[in-house]
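Keeping the supplied structure of chain A fixed, place chain B upon it in accordance with the hints.
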Amino acid sequence: QMQLVESGGDLVKPGGSLRLSCAASGFTFSDYHMSWIRQAPGKGLEWISYISSSGYTDSAESVKGRFTISRDNAKSSLYLQMDSLRAEDTAVYFCVRIMVGDYFDLWGRGTLVTVSS
Amino acid sequence: QSALTQPASVSGSPGQSITISCTGTNSDVGNSNYVSWYQQHPGKAPKLIIYDVTNRPSGVSSRFSGSKSGNTASLTISGLQAEDEADYYCNSYESTSAYWVFGGGTKLTVL
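Chain order of the listed sequences is A and B.
Using our numbering, you'd call the opening residue of the first sequence number 1 and step up by one each time.
Using our numbering, you'd call the opening residue of the second sequence number 118 and step up by one each time.
Note that these hints are calculated values from the structure, not bench results.
Yeah, the Cβ is synthetic: ideal placement off N, Cα and C, and Gly gets one too.
There is no bait here: all hints are sound.
Label-pair restraints from in silico Cβ distances:
#1 86(A) <-> 171(B): 37 to 43 Å
#2 64(A) <-> 186(B): 29 to 35 Å
#3 128(B) <-> 43(A): 19 to 25 Å
#4 187(B) <-> 83(A): 40 to 46 Å
Bound-form chain A, shown alone (with noise of 0.2 Å):
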């Protein structure tokens, strides 16, 4: 079945950095927009990232500058990479695919993200 596993949510210090991993299967990875999308604790839903099938990015002003999506199509895979690291960035971050009509239609379980002294 379609599925999307993320991976490499951990506790990291202000200022530290972190990838996140999607691991998708079950579908053509290549053919689908993706994103990320946050939800701190106790809160909202929050897009945070974007990239095209082809490789075209954009991110949320909350994270421009600090957070580089990218992917590995040969290997099904989403990445985030996060530097410069701030409390406010504490979340569940979660793996999600794009269909046309820009809907999220197929969500990973999340990733615990926690910035912390």
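Here is chain B on its own, set in the frame of chain A:
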């Protein structure tokens, strides 16, 4: 980007119908056919329940329906069941900034 506005909570009894509103602007909800809704149970990933304002993915109950008028989208759940108790989020593509924006979420309590 500014979040879309949803009520913080709604409640209803089993069998009743409830409606959750999602108010944006003419740069997002009012100018988009791409409004979607997501259901999230505690500790779980969100699940798509409505896309393109009114469409239901395969496998989603027909008790869920979506609509839009002007800058406000709505999710209606009819015949409330205990399993519907969850958080619900609306989402729209925002054309000015080229971002996706979510509502703040609505907690549905089935009494």
